[in-house]
Amino acid sequence: MSENNLTSKRSDDNVQNLRECDIRESAKVREYETIGEPYTDNAKICARDVNVYYGDKQAIIDVSLDIGSNEVLAMIGPSGCGKSTFLRTLNRMNDIIPDCRFEGNIKLDGEDIYDPEQDTVLLRARVGMVFQKPNPFPKSIYENVAYGPRIHGLAHNKAELDDIVEKSLRRASLFDEVKDQLDKPGTGLSGGQQQRLCIARAIAVSPEVILMDEPCSALDPIATARIEELIDELKEKFTIAIVTHSMQQAARVSQRTAYFHLGKVIEVGDTREVFTTPKHELTENYITGRIG
Amino acid sequence: MENLHIDQHISRKYNEELEDLRNKVMTMGGMVEKQSKNALDALINGDSSLAETVATSDYRVNSMEVEIDAECTDILARRQPAASDLRMILTVIKTITDLERIGDEAEKIGRFALKLANSQEPQSYYSELHHLGEHVIEMLHGALDAFARMDVEAAVRVAGRDPEIDQEFEALTRMLITHMMEDPREVKNVLRLNWCARSLERIGDHSANICEYIIYLVKGHDVRHVSLEQIQDTYIQKK
Chain F
6 MSENNLTSKR
16 SDDNVQNLRE
26 CDIRESAKVR
36 EYETIGEPYT
46 DNAKICARDV
56 NVYYGDKQAI
66 IDVSLDIGSN
76 EVLAMIGPSG
86 CGKSTFLRTL
96 NRMNDIIPDC
106 RFEGNIKLDG
116 EDIYDPEQDT
126 VLLRARVGMV
136 FQKPNPFPKS
146 IYENVAYGPR
156 IHGLAHNKAE
166 LDDIVEKSLR
176 RASLFDEVKD
186 QLDKPGTGLS
196 GGQQQRLCIA
206 RAIAVSPEVI
216 LMDEPCSALD
226 PIATARIEEL
236 IDELKEKFTI
246 AIVTHSMQQA
256 ARVSQRTAYF
266 HLGKVIEVGD
276 TREVFTTPKH
286 ELTENYITGR
296 IG
Chain R
224 MENLHIDQHI
234 SRKYNEELED
244 LRNKVMTMGG
254 MVEKQSKNAL
264 DALINGDSSL
274 AETVATSDYR
284 VNSMEVEIDA
294 ECTDILARRQ
304 PAASDLRMIL
314 TVIKTITDLE
324 RIGDEAEKIG
334 RFALKLANSQ
344 EPQSYYSELH
354 HLGEHVIEML
364 HGALDAFARM
374 DVEAAVRVAG
384 RDPEIDQEFE
394 ALTRMLITHM
404 MEDPREVKNV
414 LRLNWCARSL
424 ERIGDHSANI
434 CEYIIYLVKG
444 HDVRHVSLEQ
454 IQDTYIQKK
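Residue numbers (this note's numbering), protein chains in the order written: chain F, 6 to 297; chain R, 224 to 462.
Heads up, a few of these hints could be off.
Stated by the list, open to error - Which bits of chain R does chain F cover? Going by a derived footprint, with three or more residues having C-beta under 8 Å, they are:
| no. | segment |
| --- | --- |
| 1 | 229-243 |
| 2 | 301-308 |
Claimed, not checked - The calculated label-pair distances, taken between Cβ atoms and stated as ranges, are:
| no. | chain 1 | residue 1 | chain 2 | residue 2 | range |
| --- | --- | --- | --- | --- | --- |
| 3 | F | H157 | R | E239 | 55 to 63 Å |
| 4 | F | E108 | R | L451 | 46 to 54 Å |
| 5 | F | D167 | R | V449 | 56 to 64 Å |
Hints are computed from structural coordinates only; laboratory data are not their basis.
Just so it is clear, the structure is predicted and the values come from calculations on it, not from any experiment.
Note that beta-carbon positions come from the ideal geometry of N, C-alpha and C, so glycine has one too.
Chain F on its own, in the form it takes in the complex (with noise of 0.2 Å):
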């Protein structure tokens, strides 16, 4: 045999055994209960047995969590653990992915969100999200923010629009530094004011939730600064979920952290004792970068 038969024989053993590796893992990793406190005295969002799959894969298992009115849920993970998954179930953008199949019950405020009455556009208004990569439309900043309270009819006429255009800018701190050039276009601003436009444009049709996935991931560390500022203010109106690789980002801006592995929720308590004295060992192994 050549050597480089061999390698291959080798690399396919390997793939053979991570394969096997991540099987048993994930058997085992299904029986986990979860632990700490997965549920509020007041919550806005109450996720129960929480089943999502594509396709075949199962991406999330049994996942019970509720998220408390004004409080900040951080949601870390390795890559794959389905924290992004289980985010976008909150307000149903799950619902546009073929093959994505939903089992379970999400209530907000009480109101079950998959009922197939729901209207998912209104749903989504009262359920805002800001995405990973800043993406605001290609029109100007005012229209940006204009354009979910004109659709849903928020303002009766130009003075009220401008209102809440100026409100939302000026809650996504961003009014000072845009308020002159309101008519340029939104693309034009830098990664950081594009992510706090996004922010704006969310906040502009007064939603109830803000979902975050991963907000501060392209931007630089001032601009993070100030979107976790303005995380920390906006905690106050709304209630926010954010999905987040960096831990001291979950530990800074989080009254509660869940941690998520292989689609279950391992572990979620209060974000000081996750950091500090984390009880599952999967936690510990990675908020403190251990090999599992």
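Fit chain R to the known structure of chain F by using the hints.
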């Protein structure tokens, strides 16, 4: 987390840094243990040259404290440790403060030993003092050993000896007071002896502190200002 696995980070350099930190604390611990032993020997045997050495060698412990502190700062800034790693750094920072104080106490005993070596000392009390000193040094040794092994049960047992030490110190003080009343000419020297006993008792307190940090490191519970009985109830496995 019973086992802290400080050698299992993805970053091998991080493993090395933490291991190095732990080794340095052990080295520093070894230094203050040696100093405390020497201080006691110098005092009991009236060995003025050993007393001199103890009284003048505290700078090594001090510089070790500064060095370890700097390493902790460096790890905090660059690694942003969390969970058991964070507790490890906090434990190290606190432990070396107590170790440095133990070094100070040993130095004090060394100074008094130097003065007492040249005087007519009341030998009769040396056996009690020796006894207290041996107990304290055993306690310090036990605390360092528990730190090396991250052994909570051992830490609880060692911390549990502190009340004995306190009692021995109280008893010794009473005896020394009596002696002072009987022979006022000896007041100066007896007071010096009492200061030495006090320093030994303080070394016991610092050792008990180190034991509390070990419990925090391994279990994540802050047991300072928690009663000894409660600590024993919680952490000693009922046989």
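Under a C-beta cut-off of less than 8 Å, do 3 or more residues of the segment 229-243 of chain R approach chain F closely enough to confirm the stated coverage?
-> holds (count 5)
Lying within 55 to 63 Å: is that true of the beta-carbon distance H157(F) to E239(R)?
-> The hinted range 55 to 63 Å holds for H157(F) and E239(R), with Cβ atoms some 57 Å apart.
Could you say whether the range 46 to 54 Å given as a hint is met by the Cβ separation of E108(F) and L451(R)?
-> The hinted range 46 to 54 Å holds for E108(F) and L451(R), with Cβ atoms some 53 Å apart.
In this structure, is the beta-carbon distance linking D167(F) and V449(R) contained in 56 to 64 Å?
-> holds, 60 Å
Per-stretch coverage check for the segment 301-308 of chain R, three Cβ contacts closer than 8 Å to chain F | Since 6 is at least three, the answer is holds.
In the structure shown, no violation is registered for any of the earlier numbered hints.
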